[in-house]
Each structure stands twice: as C-alpha cells, then as structure tokens.
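> Quick note: the sequence shown uses this note's numbering, first residue 2, plus one each step.
Note that these hints are calculated values from the structure, not bench results. Wrong hints could be hidden among the right ones.
[As the list claims (entries may be wrong)] Beta-carbon label-pair distances, calculated as ranges:
(1) Ser254 with Pro58: 26 to 34 Å
(2) Ala175 with Ala88: 18 to 26 Å
(3) Pro252 with His121: 26 to 34 Å
(4) Pro258 with Gly86: 53 to 61 Å
(5) Arg41 with Asp166: 42 to 50 Å
(6) Gly140 with Ala3: 18 to 26 Å
(7) Ile87 with Thr8: 48 to 56 Å
Built from N, CA and C at the ideal position, the CB exists for glycine as well.
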Amino acid sequence: MAAIDLTRLRGVVLDTDGVVTDTARVHAAAWKHVFDTFLRGRSESSGEPQERSSEAPFDIRADYLRYVDGRPRLDGVRTFLASRGIALPEGAPSDPPGAPTVRGLAMAKDALFMREIEEHGVAPFPSTVALLHELRRRGCRTAVVSASRHCRAVVASAGLSHLFDVVVDGNDSARLGLPGKPDPALFLEAARRLDLRPAETAVVEDALPGVEAGRRGGFGMVVAIDRSGTQADALRAAGADVVVEDLAELPVSGRVPVELR
C-alpha cells in the first residue's frame, strides 16, 4: 500500500478546496448559477434552443472538473467559455458582478461563493484533519495552497489554521505574479516557504491541473484524491503517483512520532 514515507519526505503541501475543506461543491454550484444565467441570456437573445446550442447549461460535474476546478477564477471563466466557442472582453475591476465580461462573471461567482461561506460556514474533511495531525505529530511540515484569494478565510472558518506552517493563496499569486495551475508556481512557492526542495515534498490534489502542476514541479510524491470514483485514470495520466478516494486510505510511515522520541 502506498504511504507518505517520511524517511524521504519532509513536507506536504495540500490544495484547499476538495482536499482540506468540503468547498469544491460550493464553488461548483456558484459557477453553475453564474454560467447558466449568462448562457440562458445568450440563448434567449439568439432565439436558439438552449439545449441544442453552445449555450447548453453548465454541467456541474464534467464542466467543473474539466475547465474550472483548480484554476484561478479568471482562468476558469476563459477556459470554460473557450470550450463553448465564446470569447468575452476581459472587462475591468469596476465591472458590476454578472456583467458580460470575464471579470464580471468572475466577480459574480466570487460574491455567491462568499455569501454561502458566510451563511453556512466551512466543513473540513475529517480524514484530512486526521492526516494533518498525524503528519505534525511526526514532525512533518505542512502547507495549504489555493488559487482563491479567500483561502485564509476558508481555512480559518474550518478551524484549521494551526495545522499549517505556510499558506499560499490567490493574494500571494497576484502580488508575486505567479501563473495559475497547471504551472507549478503555487506549489513551488509553498515549498520555498517551508524551506524544502520539491523532491522532499509531497503534493495532495484533487484537480487535474493541480496534479499536473505537482508532476511538472518535480515533487517527491503526487497524491490525487478521486472522491467521485470517476477520475482515477485521468489523474494518473496527469501525473499522480497514487490515487485514493479518501485520505483515510493513505497511511504515514517512516518517522517516529514526536512524543515517542
């Protein structure tokens, strides 16, 4: 059975949504609402039946996983719309949420996501919390990353801030000019802040662009989570060393727990 072997790994970098917190479904629902509203408006304007056109509703599983999951918001808008042959102007930060621009749609999605988080809070995955406690009990350093600017707020809302040595989020990406996944820059920055080489650091992801980023970054282990049980082959093809449906399946070995030394 595959394990996080701490004889060769000194740190673990985890993605946030879908790995640490159960927020991927909130992101997906917000994207569906925004894209469906936009596409429905295009269909009504063209007079073409929505189900027969490029304006067919956003598929909350297939489209989210293929075009949006793991990407910065603006990239997600561009990538999904490109899949439908739609090009929109970039717009400006002053665009109102929902405006027919890349920034307008991205801001509408952001507003919906934050409203849901503020009203209902954030639930962490129990198996991820257990893994984090075990890693830290054995002296392993940990980091959490996200393309979202709200990563710190999400992690704090879940009550997990104390379990991470480093947080790298969308605010850091914007400030440092880091490209989005599948570029490994986000993960490499986390490893740098942990003072570790990529080769001695594991990456845990649930999105195809994130898995590809881990492989391209030369990380010592790339763990993929396939919670739906439908993406294992694609995740392996993207570069995952091991695919699990839940982190409860992934043991830790190779270093004596701190309290037993």
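> Decide, hint by hint, whether the structure agrees.
Each hint tested on the structure:
no. : hint                           : in the structure
1   : Ser254 with Pro58: 26 to 34 Å  : 46 Å, violated
2   : Ala175 with Ala88: 18 to 26 Å  : 23 Å, holds
3   : Pro252 with His121: 26 to 34 Å : 32 Å, holds
4   : Pro258 with Gly86: 53 to 61 Å  : 55 Å, holds
5   : Arg41 with Asp166: 42 to 50 Å  : 45 Å, holds
6   : Gly140 with Ala3: 18 to 26 Å   : 21 Å, holds
7   : Ile87 with Thr8: 48 to 56 Å    : 50 Å, holds
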